[in-house]
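Listed in order, the protein sequences are those of chains F and V.
Residue numbers for the first sequence follow this note's numbering, so the first one is 51 and each next one is one higher.
Residue numbers for the second sequence follow this note's numbering, so the first one is 3 and each next one is one higher.
Just so you know, the hints here were simulated from the structure itself, not pulled from any lab data.
This one's a predicted model, so the numbers in the text were calculated from it and none came from an experiment.
Virtual Cβ for every residue (Gly too), placed ideally from N, Cα, C.
Mixed in with the good hints there might be a few duds.
Claimed, not checked - Reference listing, derived: stretches of chain F covered by chain V, where coverage requires no fewer than 3 residues with Cβ under 8 Å from a Cβ of chain V:
1) 58-67
2) 73-85
3) 118-125
Said to hold, decoys possible - Some chain V residues judged to face chain F by a derived CB distance under 8 Å, without partners named:
4) Q46
5) E278
6) L368
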Amino acid sequence: MYSEKVMEHFANPQNVGEIENANAVGEVGNVRCGDIMKIYMDIDGDVIKDVKFKTFGCGAAIATSSMATEMVKGKTIEEALELTNKAVMDALGGLPPEKIHCSVLAEEAIRAAITDYKKRQVEEVEEFEYDCCQKEN
Amino acid sequence: MIYMDNNATTALHAKALEAMLPFLTEHYGNASSKFYKTGRDAEQALYAARQSVANQIGAKPNEVYFTGSGCEADNWAIKGIISAFDGRKKHIITSEIEHHAILNSCAYMEKHGCEVTYLPVDEYGRVNPVDVEKSLRDDTAIVSIMLANNEIGTIEPIADIAEIVHSHGALMHTDAVQAMGHMAVDVRELGVDLMSMSAHKFHGPKGVGALYIKNGVRIDNFIHGGGQERGKRAATENVAGIVGMAKALETANEKLAENCAHMRRLRDKLIDGVLERIPYTRLNGTRKERLCNNANFSFKYIEGESILMMLDMKGVAASSGSACASGSLDPSHVLLAIGLPHEIAHGSLRLSLSADTTDAEVDEVLEILPPIVERLREMSPLYEEVKRKENK
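Using the sequences and the hints given, assemble the complete structure.
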């Protein structure tokens, strides 16, 4: 049913865990469907220095989380945003048709984390500007 | 391998295999070809097998019709009865936790003008006979409630239900596929008009089952062809399979009390051990009216397919009612019917035993399972929140 690569990543998933003080967190999926993927990133400038995940889901969900985090680690956020679910699937040697949505979830989780990072940066700038104005007044 | 998926299928019993082999080799004759010996040998074996199965379930031999599966028996019971009423009665009553063989046969009949009442069950999966009584109508043709549930092992009060059904002039069918070989099953005690059976659930071969049809019940023929099974279910008889089914049932019933006591003890050891060792766990189904070989748990915050894969890596075969494990988008209809929220239904694990299961195997599963659950929970974002709250 699963490729050897999927089994390898399921048996020994890479990057499991949380990052304390992560500056990017993305969570996708819902409990009703039985799949939740949460990705933590430590981004410095535009480079993803570290990435970890926590996943509630089936074997394919865990394997795609592991593979997707491996594929974006050390990359720039622009490079990470180019990651497609197909690339994750190919790297895993394919997925059964009913499990393709797991790879979509992985792509979405990466994007959600980066979106969170960008949002936080805007907020930081806004906060800074706000502070300046306060002082000036 | 530790095989704990006996509600899915069982190993063929050595005695059943032994009984079957001659009919796969030298006695290959067609049971309908009576003018030469090998055909007559097959016919005689078929006769003896029918006699034996009838004896085991308290029926007459001419009330036992062999089929290709339990699924076929269920299909026949629903479709055959409705079509025999020829539009005079069009209402069916069943429960939300039936096997898909019944549920999908009912859904098919709905497309052909029938009305179906799907009775809810309580939190343990029990059908309330009072609900059956309330749902019965003048045009109710048949009520179909399973004797024991295949997922959570709940045993239904079929004798009580049958009495109510008959007092309203309807027919009573029970799917006894999971029950046979795991409890005493007697059609007279149950008071049913029709009963489905499947050989491979009690250490018989796959591809053979039977439908008990009480004498006097009008049912349409199901497979049209030759005169086999008194013309009701045509097709050259699967002699070896039928012989194997009869032998397996005899063997199971020979030591029924002893085997059930053994399975019940191991089942309880397993249930107690799991509940004791693993927090945030619930037992699905009831402790009392439960098949002697079935245990079904939900482990909160994790998903069933992952549990099965990790158990498989440790050599344990089991099953789950999660959506992924069932190959659909929703988790098991049975677990939803007993009121479990989706996320808890996704984390279910069924461990089902046989008379061959040993203490050592149960002990090993009790060693293997807790670290698997813990490991998956460590990976789960849902558990992260729970731990955070715990530490506060």
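So, going through the hints one by one against the coordinates:
1. Requiring three or more residues with a Cβ within less than 8 Å of a Cβ of chain V, the coverage given for the segment 58-67 of chain F holds, as 4 such residues are present.
2. Figure legend: the segment 73-85 of chain F, annotated as covered by chain V; annotation consistent (6 residues with Cβ-Cβ distances under 8 Å, at least 3 required).
3. Counting residues of the segment 118-125 of chain F whose CB lies closer than 8 Å to any CB of chain V gives 0, which falls below the minimum of 3, so the coverage claim is violated.
4. Evaluation of the Q46/V hint against chain F yields a violated restraint, the C-beta minimum of about 45 Å exceeding 8 Å.
5. At its closest, the beta carbon of E278/V sits 24 Å from a beta carbon of chain F; the interface hint therefore is violated under the 8 Å criterion.
6. For L368/V, the interface hint is violated, since its Cβ never comes within 8 Å of a Cβ in chain F; the closest pair sits about 22 Å apart.
Hint compliance for this structure: hints 3, 4, 5 and 6 are not met, and every other hint is.
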